[in-house]
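Chains A and B supply the protein sequences, listed in that same order. In terms of my numbering, the first sequence opens at residue 1 and continues consecutively. In terms of my numbering, the second sequence opens at residue 265 and continues consecutively.
None of these hints come from the bench; they were simulated from the model. Quick caveat: nothing in here was measured; it's all calculated off a predicted structure. Please note that the accuracy of each hint is not assured.
Listed below are the simulated DMTMM-like cross-link pairs for lysine to aspartate or glutamate, each with C-alpha atoms no more than 20 Å apart in a straight line [to be verified]:
# : chain 1 : residue 1 : chain 2 : residue 2
1 : B       : K380      : A       : E23
2 : B       : K342      : A       : E9
3 : A       : K262      : B       : E348
4 : A       : K256      : B       : D333
5 : B       : K937      : B       : D818
6 : A       : K2        : B       : E785
Listed next, the stretches of chain B that the computed footprint assigns to chain A, with coverage defined by at least 3 CB atoms under 8 Å from CB atoms of chain A [what the hints assert, rightly or not]:
# : region
7 : 325-331
8 : 350-357
C-beta atoms are modelled at their ideal positions from N, C-alpha and C, and glycine is treated no differently.
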Amino acid sequence: MKYLIIFIEKFNKILIFRHILREMSLKQLKARYAGSMLGIWWAVITPLILAISIGFVFNKVFKVNIPNNAFFILSGIMPWFFFTNALQEASNSFITSSSILKQGIFPREFIPISIILTNFLNFLIGLLILLPLFIFINVNTIKVLLFLFPIVILNLIFVVGLGILLSYGNVFFRDISHFISIAFMPWFWITPIFYTLDMVPANLRWICYVNPMTYYTILYQSVLFKAAIPPLPVIFITTLISLLSFTFGYFIFIKKEALLLKRI
Amino acid sequence: MSTIIEFNNICEKYRIKFINENRVYWEEIWALFDINLKVEKGEVLGVIGENGAGKTTLLKLIAGMVVPDKGSVNVLGKVSALMELGAGFNPEFTGRENVMLNARMYGLDENLMQQKIEEIIEFSSIGKFIDAPVRYYSQGMYMRLAFALAIFVEPDILLIDDILAVGDEEAKQKCVKKVFELKESGKTIIMVSHDLDMVSKLCNRVIILNKGRIVKENIPSKVIAYYLEKVGDKRGLAVLEDEYFRVVFNNGKILFSYKDNIITKKDSCYASCFLSSLNSWLSSFNYTWEIKNLTNEEIIAEGYAIDHSIAQTWKIYFKGNQIKLNINALDKTVSIINFILSLNSQYDKWITLNDEGVFPQYFQKTNWQDLRINEFSHGFVGIDTNAESEDFPRFILITGDNLIRLFNSGYQDDCRIIQINSCKDNCVNLDIGLFYEKKEFKCFIDKERKCFLEKQKDKIGIISSGDVRLSADSEKKVIKLYYKDKEVTKNEGLHAAFLIDKTWHDNNSAEWDIKSVSEKEMSITLKHENIIEIWSLVYREKNILEIKIEFENDKPLLMNNKDVILELNDEYEKWHTAYEEGEFVVYQYVNDIGPIRLKDNRISKIILASNNNQDSLNLYFEAGNNQSKQILGILKKKNLESEEEFISLRFSQNIAKNERLISPGRHIYFEGKIILDKEDTKLEEKISHDIAEFDKGDLRFTFDRGKGRLFWKGKELTSGLGVYTSLRSLGIWHDSSKADWKINQNDKNKIIVSGDWPQVPVSQIWQIELVKQDLISWNVDIEIHEKTTLEIQQISLMLSSDYLNWAIPELIRGDFLDEHTKDYDILPYRFWYGKSDQIISFAKNLPQTIFRCELNNQFLRAVIENSDYLYKARLLQYQSIGNHKLLPGKYSYFRGEIEVVP
């Protein structure tokens, strides 16, 4: 019960300081591409190049047979980039922005959250730019575009929860950020981005089912690639995962915040 | 007054991991323990303490950056923290961008953002660089921008964590000023700083944190005093207390405080040595100090240099109401050692044994202003405060033979500085007497002054009468006159100067011996090489000072000049003699000497009148002996050192050639009087000289000491020097009026006079005869006694300025213009020069005057000119120019006549 009150207080505070969050995210986004020539276009180029190259290799070398391979991969890879970058940066956030902490009076969690938001914006911009491409491939995509909104939001909530948790943990155990950077590799393999679930042998399919990212990926693929309404059970699962991640992450954060403050 | 920050039993601990080789252990450190603090709205609180005392943690608690382990913090209002400069600045963005992007994060209000951003950019005065990436900024620019951003947030509560220390002087000033403004506008400020000066100026209240606890909490002056005592290497720290007076020795510095008020300032008191080996000064606080002995009454400390050799020992102890200080420099290379005290500017009066004054206002920023009391200190200075209250004791510093100098610091440091210079023995001994009551203080000073005067008596003789006083100083070799304790004389005062052979002797070239006969009578002996001056100074009647100077010689001497000089303060405006009056206005200065010209300087009395008020008065100076031979010279001189002007009155005696050889014995040199009087009387000169004259019909001619005067029908035709002759020898003019004249014959029609020139070995014999009605013949013969050079020989008729026209018959006519030069004798207004034997001059109401001469000399020329400003008359002259080296003998000088034509 006590935590609920704290939660509500927190929520109030966030509301008051929401502008700061917005400013921070925007600032960080600008900072990311400050001095670079291509700027925000990197949000497009990176996934595009990767999708094409992987698609090419898998099509020609591994002979994975999926029509419009590149787009299939692209639809899954963009949220993946968001996921990995966001978490990577978030986990380090408390350490790199210690100076900001000393300056402003705002809720501490803004630091990882703003980082995640920055990446989120990055992802959204890339998505928006590439959307016409998907529509070009399959006109029907337009019909199901509306579903993107809840999917994207759910994705965000999931990442935020996880990000807060990791950022907190990293303050005490610096290994976490190193661990994460390595962990993403195998995680990539077990997420059906460049293959479909049915290509996985049945006895190993459980690995994919355990991986939460599988479900988000499926949702993105269904909307962007298949141009179909995302399957309801998957939506249900993702909602659950998101809420769990968020509450758990935040809960830990609130509980141990005092300890955190002394460390940074 | 509402409390907006409240700490209740705050405890804050940190668990810190210690890693030492293989051992790892955790320890709990209490950053803050049991802190109870209340801060009112609008208060400026200073937090000071050593590093690691918990100051930053305190601020973090207020900001909410840290959650208290125990207890609670209540904060009302918006908080802005200035703990690290430039937080959130991205070097790639421009200054403006950085400000705009971070504004919200710093807490800048949404609505005011645009306007505030402009203000920020202006305050930081970065100029056009505001649009350049921050990467290019210098540290100062960066700091200014960051500070500007942080400070314009205008929160209710501002926390400053020692960031005001960064930046150049100008930036710092600006920042401090802004903080002041915020204070004025009622913001609450909590300030952590190590700059105690800033803290004392800005804060209402100061707390000291030590190891997490509040150790002291009070107004700045009291807390800082306490802090200064505690801060520093403990081995070199010692405190002596005497009731309320504390002496703190802190590693080469001494601080005084009385009842918690700090008396010393800024650098407090320290010693400074000049090391001849390094050719530089080293201050005592640069040594490492150790207290060797500390009791209730004394501190003995030793200071060590870098090489651990003992450099100084200090001994401080109380004795009665005095603090005695003994500083010894043991380093052999020390040549001068100074002890410097910096006192609060409360102390604004200084008193020495014979003078007193005030510390003036500060007018420079950092430089010290020397009060120049060096010569008067005699190792004794009293320092008084203007405060009536007993909060600040008064000091008397006594230091034997050492020199005391007083300075005013610049207004930045805002303190009075006393410097004790010791030039010998490498040691400074200083007694500081403490006086808490003004009466005691005054009594002591009066007593010391009396003693001092007593000691001076042997060296100084004083006689007085009423308000006037004469003091003769055998050390300074000068006689001074005082009226109501104010000095009337100046420079060399009253003294004699005489020329023996070719050497001048005066008061400085003798050995003085003063004998005070009584309160009103004094006798002084001045021993020169061959001659002894004996002065007798007596106040016989009221204000009248009688001077009698005699001299004794045991060998025959040739005394060419006998002068007595009185040098006075330039406070007289007018003077008058028996013949004329004038003002102290000089037309021309030569080498800082300006002569006041007298028409008749063969006088023995003069009165000087001052222009103003009660305390200055008329001075009467009289030469009593040889009155007819006295010549008075008045000069205005400038003292080269002090650039002050003073007046010099000089009585010179016109000694005839044959009277110059003085035989051995005792002779009278001078007798005279000086009266400081209030009455302005008329003067009369005893005319002990004769006037020769003859009178026929309308014409009358008189001869008076080298000046002839013509009268017609009672009106005087001549003016000034009248009928006279002049000689120029070796560049100097000698008029006949300066010579010594004897009347040889004075008949009804004839006058024969002979005159001896004192400076030139020349005599002239004049024959003036009334040949017929209105015609006078004038013949002059000159006798040269020694081989001498006469460049110009002149015969002149000085006519009154009523004469307006002149003429050279059959040649030229002209007017006398009304212009007279201000320069003495240089190129007077000359109207005609040429060979002529007649000069005629016309006037409206006066008869024509014709001046004729016999051209017996081919060099003789006629000159028509105006005299200079002194006489403002017309000159008809005949002169012969040429470097005439004349051998002794009698020559005919002039044959001529003066005719008056009605």
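Hint-by-hint comparison with the structure:
no. : hint              : result
1   : K380(B) - E23(A)  : holds (17 Å)
2   : K342(B) - E9(A)   : holds (17 Å)
3   : K262(A) - E348(B) : holds (17 Å)
4   : K256(A) - D333(B) : holds (13 Å)
5   : K937(B) - D818(B) : violated (28 Å)
6   : K2(A) - E785(B)   : violated (107 Å)
7   : 325-331           : holds (count 5)
8   : 350-357           : holds (count 6)
Consistency with the previously given hints fails for numbers 5, 6, ordered from lowest to highest.
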